[in-house]
Amino acid sequence: MKSSVEVKDPVTEKILDQWMEKPAPFLSVLHAIQDHFGYLPESGLRLVGQRFGIPVSELYGTVTFYHFFSLEPKALPDIRICENSACCLHDLDAICEEIVDKDLGIPHSGKVEKISCPGRCDVPVPILIGETFLHGAQSGAIEKATPATMPLPPEIGLEECLFKDIRNGVSSLEKAVEAGSWQSPKRAADDPEGFISELKSSGLTGRGGAGFPTGVKWEAVRSEVADQKWIVCNADESEVGCFKDRVLMAHTPHALLEGMTCAGLITGAEVGIVYLRWEYPEILESLQTAIDEATAAGYLGVDACGTGKPFQIVIRRGAGAYICGEETSLLNSLEGKHPFPREKPPFPTTHGLFQQPTVVNNVETFCAVPPIIDRGGDWFSQLGLGDQQGTRIFSVSGDIQRPGNYEVPVGTPLRQLLMEFAGGTFEGREIQGVTMAGVSGGLVGAEDLDVRLDPASLNDLGAMLGAGGIVVHDDTRCMIQAARESMHFLAEESCGKCFPCRIGTTRMTEILDELNSGKPVREGLLQEIEDLEEVLAETSACGLGLAAPYITRMLKKYWPQEIQDKIDGSGQALKEGSE
Amino acid sequence: MSTEMKMVIDGAEVSFKEGETVLEVARRQGSFVPTLCYDERLDPYGSCRLCVVEVEGRRLPASSCTLKAEAGMDIRTGSDHIRKMQSTLVEMVLSENPGDECPRCRDIGTCEVHELAEEFEVSRDRFLGAISNASKDDSNPFLLRDYDRCISCYRCVRICDEVEADHAITMTGRGWNKGIATAFDGGLMDSDCTLCGQCIYTCPTGALADKKMVNQGSKPGEIEITRSVCPYCGTGCSINLHSLDGKMIGVTPVLDGPVNEGALCVKGQFGFDFVNSEDRLTRPLIRKNGELTPVSWNEAFDYTAQKLLSVRDDHGPKAFYAIASGRAPGEGSYMLQKFTRAVMNSNQVDNCSRG
Ligand SMILES: Cc1cc2nc3c(=O)[nH]c(=O)nc-3n(C[C@H](O)[C@H](O)[C@H](O)COP(=O)(O)O)c2cc1C
Ligand code: SF4
Ligand code: SF4
Ligand code: SF4
Ligand code: FES
Ligand code: FES
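Taken in order, these protein sequences are the chains called B and Z.
So that you can map any letter, position 332 of the first sequence is 332 in my numbering, and since no number is skipped, the others follow by simple counting.
So that you can map any letter, position 82 of the second sequence is 82 in my numbering, and since no number is skipped, the others follow by simple counting.
Calculated from the structure, these hints are not laboratory results.
Each hint should be verified, as a subset may be incorrect.
Said to hold, decoys possible - Okay, derived cross-link-like pairs now, DSBU-like style, lysine-lysine, Cα gap no bigger than 30 Å in a straight line: (1) Z:K84 - Z:K68; (2) Z:K288 - Z:K212; (3) B:K111 - Z:K84; (4) Z:K267 - Z:K318; (5) Z:K338 - B:K2; (6) B:K114 - Z:K211; (7) B:K557 - Z:K84; (8) B:K557 - B:K8; (9) B:K22 - B:K557; (10) B:K74 - Z:K136; (11) B:K102 - B:K114; (12) B:K2 - Z:K68; (13) Z:K17 - Z:K6; (14) B:K164 - B:K200; (15) B:K344 - B:K200; (16) Z:K307 - Z:K267; (17) B:K114 - B:K164; (18) B:K200 - B:K114; (19) Z:K307 - Z:K318; (20) Z:K288 - Z:K247; (21) B:K309 - B:K186; (22) Z:K267 - Z:K211; (23) B:K2 - Z:K318; (24) Z:K6 - B:K344; (25) Z:K211 - B:K2; (26) Z:K136 - B:K344; (27) B:K22 - B:K519; (28) Z:K17 - B:K344; (29) Z:K307 - Z:K212; (30) Z:K338 - B:K337; (31) B:K102 - B:K74; (32) Z:K84 - B:K556; (33) B:K344 - Z:K211; (34) B:K111 - B:K144; (35) B:K337 - Z:K136; (36) B:K337 - B:K74; (37) B:K337 - B:K14.
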């Protein structure tokens, strides 16, 4: 149909009228239309295109980018099941087979679709029907998923910052205020310079992966002159093996809102947006409740925290795309553009949301701000071990006794985190290796379990700390398969814009599959891996492709014999076959 | 006023103007920088990463097409390391496409991908695996859409948006499962496409082609190319006429055409069937006793002149109204108005392009 054809759709018109004046309404409009119709009808998209000034073809393409927008009506929802690193340690095929015929208490189509990690790796294997999560353990028992698991109490002598009050019911405003919440925004308004210098001395760096100093980022946006500025909280948390932001938002939402409000008051932004991944529907509700409570109590609104300055916070829901966690891709997603990453520079601090100066920070980063202001930058800084500053949260999953989130001093040895805090592996097994940064930071083998958990120490090994997800693999696992699963995730989630990553992550996955197939492998396979690593690591357009080679480089570093055995074994197969 | 600034490229000091990219400066000074997603008519995009160069002081190579030139920059374009990565990238791109003969290279002219393959002396034999997404069976009469050969540079989408402002096509999906589609994935005829063909001639592969030009049974080197001017309207777009055995088989736009810079409309691009049409008039005819009869030019002129004069004399100048053809050159249009005024004594003169 040509775009000159007139379309009528009163439902969509009404949704548009409701949303258009609100901040960055694009994703909310699409979700509202989908919630109403069960999918995104053509008539609706045409109207959305007209109102947003987006050509309908482009809008169509953008919608197809996301996993959870649907262009076709469906009578019943499909069953979606996580296929990534922590979950595929379980017998996914058996689980799938079992659930298709089972009465799960929720009507479904009986069709099973594999999805990328929905951030519930500590209770594998999550099964999603519509917007309800169930989890099916290896035993076959299927239960309603619990809300984000509360972190275990810290080991004696370990001082926490982010989790300090989390076990005291501080998700309600009343309890949060009792515990001292919502004090820091006044400091931000009264003494912004002092505030920034506390942040700087605390050594707080971004917890979303890139590790940029938070105080410096806020100062940069503060110094920009602009009509409008924005605070964006990156709650897309889509890296496999990462589920720390979920627990923070579930159990200490006011720390997040307070941190964002401070950022607003420091920089002069009047609106904060939480970009929440689609796969956290329960957080959508609870966080909105927290926002409503804080607004009713005057902490948010036209006179935020009595500072005389306005600050409001809204949630915008993603639609299933790991790359939308990359900050510039996230901004494009909010704006309704095709969510490819942008060319950097310019950075969001100068050209962010709608090209205006924007602070983008991770959930954990914002949550760390109020306690830092409360107790002082030096206090936070000295929580780290040795030269390291502060604490950070690690999400531990896989073959481990006590999967979950642990807040530990930066610089804690990996071995201590896994063997002491997380209870070690199961009876009679040993750790063979772990994934890092979630999965995109590569692998660390058992021989280096004493590595300290700080960015530089991991870099020295050739891996990356990233956002602190760790999936443990014990000695019954095949690490080539583990590497394949990590790479497969990146290939599935590559945005496809740049050639090295779009082709490279797919080829790497195919090559690792070939190694694992038991069939003869192609000649020159190792050289192909090396050449792909080179272009990925040096020419990719964003962090996803740039990180991909960590996986194979670390695989080769720790498990060269396993690779050689596969090649030799397959050589054998070739000989046998030809006889 | 644009100020002249200086930077170093491959050891030589070169001047550049504010706003220029490193790619532009490097190419101007003669460095070889391969590209696949670049088209000078489009905004820099940075997707193929072939144009990477080393920048002194930076840890990683940068894509030169998106990198703005800055005073004092020190750039190296062709180190062994860069060349090796470019060569790997070309091999990776080749691996995406089927290995059969490229119809674009055979029937229209070497495509950019295969030109680079030759330059880097590589062929499609490493990194083999899945190939690009399936071609689209599009019933439109002109554009072949064979996305098996697509390398997802999105030049087609961008030229349609940025230059044509037709927004007919878009990129869909993501990662390996990307594609090119119209809104709601219908045929081009049902979309906002004007069939201008611009996407074909920015496409660096055989994914898009002129349906009528491929599979004519030609062999490389047999096709003759003659530069000409489009006969359709007064704009005067430069075109290349492709002919095989003295017969015209197609048109391609001329990128350095002074008025069109590579742009053409649907008529100039695809509307040349009349040249070889059976119905085409090749000599003057006069209807005699109800039959169209071939006559000499002199007879035709005398006949027409006499009829026109009788219109003027019998019915007055107001009975005459001249409409110049948009396809006529300026001189022809001038003659027509002169004739209308001086001979027919009428002021009623117009041009079909005025509507
Ligand atoms: C592929 C990719 C995915 C990312 N995903 C996330 C994410 O889910 N959450 C997040 O906070 N940061 C993510 N980041 C990092 C962001 O780009 C950005 O650096 C971060 O949000 C800044 O906040 P911080 O300084 O508080 O870490 C991702 C980066 C890349 C390259
Ligand atoms: S590196 Fe991958 S995810 Fe990043 S821009 Fe390139 S294709 Fe997209
Ligand atoms: S022919 Fe022209 S209008 Fe149609 S898709 Fe190609 S560039 Fe766009
Ligand atoms: S069809 Fe051609 S121009 Fe379009 S994306 Fe594919 S290769 Fe590029
Ligand atoms: S929930 Fe399956 S890997 Fe995270
Ligand atoms: S030409 Fe620069 S990235 Fe393609």
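Next item on the list: Quickly compare the C-alpha distance for Z:K84 and B:K556 to 30 Å and report which way the hint goes.
Entry: 22 Å, holds
Item checked: Proposed proximity, Z:K68 with B:K2 (alpha carbon, max 30 Å) -> 38 Å, violated
Next item on the list: Take a quick look at whether Z:K288 and Z:K212 sit within 30 Å of each other, Cα to Cα.
Entry: Since the Cα atoms of Z:K288 and Z:K212 sit roughly 39 Å apart, the hinted pair is violated (cutoff 30 Å).
Check: Given the proposed pairing of B:K114 with Z:K211, does the C-alpha separation stay at or below 30 Å?
Finding: Distance ~39 Å between B:K114 and Z:K211 Cα, so the pair is violated.
Check: Is Z:K84 within 30 Å of Z:K68, Cα to Cα?
Finding: This hinted pair holds, its Cα atoms lying about 24 Å apart.
Note to self: Can you confirm whether the C-alpha distance between Z:K17 and B:K344 stays at or below 30 Å?
What the structure shows: OK: Z:K17 and B:K344 at ~22 Å, within 30 Å.
Margin query: For a C-alpha distance cap of 30 Å, please report whether B:K114 and B:K164 respect it.
Written below: Distance ~37 Å between B:K114 and B:K164 Cα, so the pair is violated.
Note to self: Would the hint linking Z:K307 and Z:K212 be met if the CA-CA limit is 30 Å?
What the structure shows: With Cα atoms ~43 Å apart, Z:K307 and Z:K212 exceed 30 Å; violated.
Note to self: Hinted pair, alpha-carbon criterion (30 Å max): B:K74, Z:K136. Please report holds or violated.
What the structure shows: Status holds; Cα separation ~26 Å.
Next item on the list: For the pair supplied as a hint, B:K164 and B:K200, confirm whether the alpha-carbon distance does not exceed 30 Å.
Entry: 22 Å, holds
Notebook entry, point to check: Taking only the CA atoms, is the gap from B:K102 to B:K74 under or equal to 30 Å?
Noted result: With Cα atoms ~20 Å apart, B:K102 and B:K74 stay inside 30 Å; holds.
Margin query: For B:K102 and B:K114, compute the direct alpha-carbon distance and say whether it is at most 30 Å.
Written below: Since the Cα atoms of B:K102 and B:K114 sit roughly 18 Å apart, the hinted pair holds (cutoff 30 Å).
Comparing the model with each earlier hint shows violations of hints 2, 3, 4, 5, 6, 8, 9, 12, 16, 17, 18, 20, 23, 26, 27, 29, 30 and 33; every other hint is respected.
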